[in-house]
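**Q** One-letter residues, chain by chain:
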Amino acid sequence: MTQPSILIAFPKGRLGDELVPKLAGTPLALDAEALKSRVLRIPTATPGVAALLLKGADLPRYVAAGVASLGIVGSDTLDELDMDLLELADLGFGACRLSLCARSGVTLESLRAKPHLRLATKFPKATEAWLTREGLTAELVPLSSSAELAPLLGLADAIVDLVQTGGTLKAHGLVETTVLGHSSARLVAARGAYLSEPGRIRPLAEALIASLRHS
Amino acid sequence: MPVRTPHFPDLLFDSAARLRRWEGALMGLLEAHGYRELHPSLVLREAVPDGSLRFFDGDDLVALRWDFTVSLAGLLARRFTAPPPRVSYAGAVFRRPVQPWEAVERFEVGCERIQPEGEASGEADVELARLLMAIPGVLGLKSAILHLGNAALVRRPLEAEGLTGDLADAVVAALSRRAPHRVREALGGHAAAGRLAAHAEALLSELDGPGTLNALKASPYADLLKEEREHMDRALSSLLPILPPNLELRVDLADVAGLGFYTGPTLRLWAPGAQQELAAGGRYDRLFPGLGRPWQAAGFCVRLSRLLDLAETRPDLFEQSR
Chain B
1 MTQPSILIAF PKGRLGDELV PKLAGTPLAL DAEALKSRVL RIPTATPGVA
51 ALLLKGADLP RYVAAGVASL GIVGSDTLDE LDMDLLELAD LGFGACRLSL
101 CARSGVTLES LRAKPHLRLA TKFPKATEAW LTREGLTAEL VPLSSSAELA
151 PLLGLADAIV DLVQTGGTLK AHGLVETTVL GHSSARLVAA RGAYLSEPGR
201 IRPLAEALIA SLRHS
Chain H
216 MPVRTPHFPD LLFDSAARLR RWEGALMGLL EAHGYRELHP SLVLREAVPD
266 GSLRFFDGDD LVALRWDFTV SLAGLLARRF TAPPPRVSYA GAVFRRPVQP
316 WEAVERFEVG CERIQPEGEA SGEADVELAR LLMAIPGVLG LKSAILHLGN
366 AALVRRPLEA EGLTGDLADA VVAALSRRAP HRVREALGGH AAAGRLAAHA
416 EALLSELDGP GTLNALKASP YADLLKEERE HMDRALSSLL PILPPNLELR
466 VDLADVAGLG FYTGPTLRLW APGAQQELAA GGRYDRLFPG LGRPWQAAGF
516 CVRLSRLLDL AETRPDLFEQ SR
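As you go down the protein sequences, you meet chains B and H in turn.
According to the numbering used here, the first sequence is numbered sequentially starting from 1.
According to the numbering used here, the second sequence is numbered sequentially starting from 216.
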């Protein structure tokens, strides 16, 4: 029986937009024609290795279950999901801050003073950890997108969200009041695939690290 | 919150027959090597651990047997003044699943090698490794990989640096993820950050054959871990000449699974392409002293439920007749 092909999970969205050009010209470059189509399984320049394009929040599950042997995902997503997978390298790109952001003029002190603080976020786990460190309590408003609208429309007093350049915040009249943590792209691997087939998986992992760290 | 529906496996004809056949073959192998079966009760009435399946029997809170090693240790400590040297077990354990795909009821076969305190343990460790090496053949696995590790490679440097509690847990979690950058993040400005990060890099640098042991030379704790390295070296010298065909031996210096339990050498059996280890074990010398018995122990457990799943999903990994 021939060995099944190796699947690598790549993120769609912001991180994917940074990743795809970095892979160009490497053994794991994505097939340009397939990228233009709507297919989500893309051949790479290495025979027997294909890429899956997945939403960041779904990606770790594919890797933890062993469907994809390797993947690239933001450390913010990894920390939120806490799945059983290996995190082989910090790839350095996609760097951003996880910040508490509020309308211009609102300070951390004024948020602390609120008797009932409401925070909208896609990152409840990191937010809870920060609240615990700060000795604060808050009502968490779970959102999956467009968190910037929440303070403007009164859904929450502030948001905890990823900030890269700050352009989106500025466009909505929001400012960072404090930084909770940092995030960057991480190379992850399925525990089973990495430990039971290192001869197949490690060279690919090393090729990805070499391509992405130096691009 | 993740949605979990408990998975209680019903085994239909082929799987039920396979379980019966494998259980019999493995217990036969253990018996031929002097291991005698003990069968601890399915119901625990004393310690009711977290993660076990619990229920009330009248006013009494009871639990189903959740782990053979712990159940056997209680039985042995209560019923024996001198330890029987070799015991085996077979049956089901019941645990609340941590991962959504894990079953509540899990079938296992395993063995324990128990010795009075102070008796040399090297021979016992090699005996267990040799037994585990025979298991892929008994199960009809076409090929397998045996990982040798040693919990002391991480435990001793942490103890030497006085690292305990959450900080030690964070370092172990980072090593479990094989993420040296997370070790550095976890230690922040700790005085031992540089040394422990360099140690993590050394442990994670290789995952290969006997030559992997040389990676320990780059560790700042190379002298502290000299005894462990020599022990692993001796074990490899004993095992390599008798390695069965289709079994690969690898040294995994960064094996930290079960670090709170294991104290010395660890063993893990994999099949190429399997998503989970198929058998695991090691030395756990702190278990019996904690129960008031000055005994040391090591053992391993074959996870038959995972093997049954593997036989369904990857039949190509097994000889046809099995």
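Bear in mind the hints are in silico, worked out from the structure with no lab data behind them.
Fair warning: this is a prediction, and the values are worked out from it, not measured in the lab.
Positions of the beta carbon are idealized from the N, C-alpha and C atoms, including for glycine.
Any given hint might turn out to be false.
The calculated label-pair distances, taken between Cβ atoms and stated as ranges, are [unchecked claim]:
#1 B:84 x H:527: 38 to 48 Å
#2 B:184 x H:433: 24 to 34 Å
#3 H:254 x B:136: 21 to 31 Å
#4 H:294 x B:206: 19 to 29 Å
#5 H:381 x B:202: 25 to 35 Å
#6 B:134 x H:531: 24 to 34 Å
#7 B:124 x H:457: 37 to 47 Å
#8 B:84 x H:381: 16 to 26 Å
#9 B:184 x H:312: 41 to 51 Å
#10 B:93 x H:262: 42 to 52 Å
#11 H:316 x B:176: 33 to 43 Å
#12 H:381 x B:144: 29 to 39 Å
#13 H:475 x B:107: 36 to 46 Å
Just a sample of chain H residues kept apart from chain B, beta carbon distances all over 10 Å, derived [claimed, not checked]:
#14 258
#15 394
#16 423
**Q** Each hint needs a verdict: does it hold in this structure or not?
**A** Each hint tested on the structure:
At roughly 22 Å, the beta-carbon separation of residue 84 of chain B and residue 527 of chain H lies outside the given 38 to 48 Å, and the hint is violated. Range check, residue 184 of chain B to residue 433 of chain H: Cβ separation about 26 Å, and the 24 to 34 Å hint holds. Our hint of 21 to 31 Å for residue 254 of chain H and residue 136 of chain B is violated, since their Cβ atoms are close to 53 Å apart. Distance hint check for residue 294 of chain H and residue 206 of chain B: the Cβ-Cβ separation is about 53 Å, which falls outside the suggested range of 19 to 29 Å.
As the Cβ distance of residue 381 of chain H to residue 202 of chain B is approximately 31 Å, the hint placing it in 25 to 35 Å holds. For the hinted restraint 24 to 34 Å between residue 134 of chain B and residue 531 of chain H, the CB-CB distance of approximately 54 Å leaves it violated. Separated by about 53 Å at the C-beta atoms, residue 124 of chain B and residue 457 of chain H break the suggested range of 37 to 47 Å. A C-beta distance of roughly 20 Å is found between residue 84 of chain B and residue 381 of chain H, which places it inside the suggested range of 16 to 26 Å.
For residue 184 of chain B and residue 312 of chain H, the Cβ-Cβ distance of about 32 Å falls outside the hinted range of 41 to 51 Å, so the restraint is violated. For the hinted restraint 42 to 52 Å between residue 93 of chain B and residue 262 of chain H, the CB-CB distance of approximately 49 Å keeps it satisfied. The hinted range of 33 to 43 Å is satisfied by residue 316 of chain H and residue 176 of chain B, whose Cβ atoms lie roughly 40 Å apart. In this structure the supplied range 29 to 39 Å holds for residue 381 of chain H paired with residue 144 of chain B, their Cβ-Cβ distance being about 31 Å.
In this structure, residue 475 of chain H and residue 107 of chain B meet the distance hint of 36 to 46 Å, their C-beta atoms being roughly 44 Å apart. Distance check on residue 258 of chain H: its Cβ is at least 30 Å (rounded) from any Cβ of chain B, clearing the 10 Å threshold; non-interface status holds. With a least beta-carbon separation of about 4 Å from chain B, residue 394 of chain H fails to lie farther than 10 Å from that chain, contradicting its non-interface assignment. For residue 423 of chain H, the condition that its CB be more than 10 Å from all CB atoms of chain B is violated, with the nearest at approximately 8 Å.
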